[in-house]
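Novice: Okay, here's what each chain looks like letter by letter:
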Amino acid sequence: GQQLNQSPQSMFIQEGEDVSMNCTSSSIFNTWLWYKQDPGEGPVLLIALYKAGELTSNGRLTAQFGITRKDSFLNISASIPSDVGIYFCAGRGATNKLIFGTGTLLAVQP
Amino acid sequence: DAGVIQSPRHEVTEMGQEVTLRCKPISGHNSLFWYRQTMMRGLELLIYFNNNVPIDDSGMPEDRFSAKMPNASFSTLKIQPSEPRDSAVYFCASSSSGGWDTIYFGEGSWLTVV
Chain Z
1 GQQLNQSPQS
11 MFIQEGEDVS
21 MNCTSSSIFN
31 TWLWYKQDPG
41 EGPVLLIALY
51 KAGELTSNGR
61 LTAQFGITRK
71 DSFLNISASI
81 PSDVGIYFCA
91 GRGATNKLIF
101 GTGTLLAVQP
Chain W
1 DAGVIQSPRH
11 EVTEMGQEVT
21 LRCKPISGHN
31 SLFWYRQTMM
41 RGLELLIYFN
51 NNVPIDDSGM
61 PEDRFSAKMP
71 NASFSTLKIQ
81 PSEPRDSAVY
91 FCASSSSGGW
101 DTIYFGEGSW
111 LTVV
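Heads up: the protein sequence lines correspond to chains Z and W, in order. FYI, in this note's numbering the residues of the first sequence are 1 to 110. FYI, in this note's numbering the residues of the second sequence are 1 to 114.
This is chain W alone, in the form it adopts within the complex (with noise of 0.2 Å):
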């Protein structure tokens, strides 16, 4: 079966471009959440969604991050314009029971802003 996937898995970008994550779900999950892990900060939700309606995103940092999901199986989160301290990797994770229980993580997105 298939995990979360998600792209690109590393993207180093200048200062002030446009970066877009994005992730597949689990087929079949019907929430969806976005972490990012630092060392300092460790894993934070920055958003998720729950039958693709944002239901949180009082982790979101600030207006430069945003967050859609269109249909069920395909999320994006864009940082616009990029700053070097959101270098971090992004997690998107799924869930099919609606809450917390079980939460399957992809592989994460690498992300360096120089």
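For reference, chain Z alone in the conformation it holds in the complex (with noise of 0.2 Å):
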């Protein structure tokens, strides 16, 4: 099935770190979603953002919109261990189906 282009594939980092990891489409999208999947468990909704420039927090989690709409990005600052999982977006496009991005896979060291 169709994917969104996430990147980096894979980061490991030192406990207190700033995180950034991006996503890219081809097509333009109306929303974009970002999900953190634990082990063994289901993606959970982190931010949801649904206008293009906007940019929303939750704690130390920041997202944005793209202008050009086909980009979405995702910082986490000063990383904890309890941040590590796999983080995927999602986008939302003209046929209304949820795509979803190749994930992140975050380590974050002690």
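Derived by calculation from the structure, the hints in this document are not laboratory data. It should be emphasised that the depicted structure is a prediction, and the values quoted were computed from it without experimental measurement. Virtual Cβ for every residue (Gly too), placed ideally from N, Cα, C. Wrong hints could be hidden among the right ones.
Said to hold, decoys possible - Partial list, derived from the structure: chain Z residues whose beta carbon lies under 7 Å from chain W:
#1 E41
#2 G42
#3 P43
#4 F100
Two chains, two frames, a set of hints: combine them into the complex.
Specialist: Here it is in structure tokens:
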């Protein structure tokens, strides 16, 4: 199935560092969502974005809906060990289907 | 509040056997989705229902897969006969918007076909 390009594929960082990841698409999206998946669990919604240029925060997480509507960014500040997991972006476009990115694996070393 | 509930959590079955996965969406949600997750293909939408009616099943791999939603609080995904390449995590998700804005996932059913 169709997927978004998400980068980086994986990140290995030290506790306390900031993290940035992004998602790009060849088509315009109307909604961007960011999910986190812990091992053995289902994805959990972190942030939802509905307008181009929108910047939304959820604690240490900040996500932005790109101006071109073809990309989105997620930043995590001052990472902690429990931030470990796989982060997925998801976008909804004209077809109304929610398309998921390939995921970014985050590992945080205490 | 109870989230999306899936069963079984884990299943190991032999090739050729029938597999039935079950899902109870969040109460009040009118849209239900079945996704499959594998390392190679990531998260793929198999089928989604709106008000118990299948809207888009274009993601269902082949005729061996079928899904039903007999009422607003229950759905099944059936694979018959199962094959080793069906091994994956199958997620059920639900939404209250009738669309896609906020989808809540269950914990998944981990299927292994040997």
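Novice: Should the hint that G42 of chain Z touches chain W count as held when the rule is a Cβ pair under 7 Å?
Specialist: 3 Å, holds
Novice: With a cut-off of 7 Å, does the beta carbon of F100 of chain Z approach a beta carbon of chain W closely enough for the hint to hold?
Specialist: 4 Å, holds
Novice: Let's test the interface hint: is any C-beta of chain W closer than 7 Å to that of E41 of chain Z?
Specialist: With a closest approach of 6 Å, the E41 of chain Z hint holds.
Novice: Under 7 Å, Cβ to Cβ, is where P43 of chain Z needs to be relative to chain W, so tell me if that hint holds or is violated.
Specialist: Hint holds; P43 of chain Z Cβ to chain W Cβ min 5 Å, cut 7 Å.
Of the hints listed earlier, there is not a single one the structure fails to meet.
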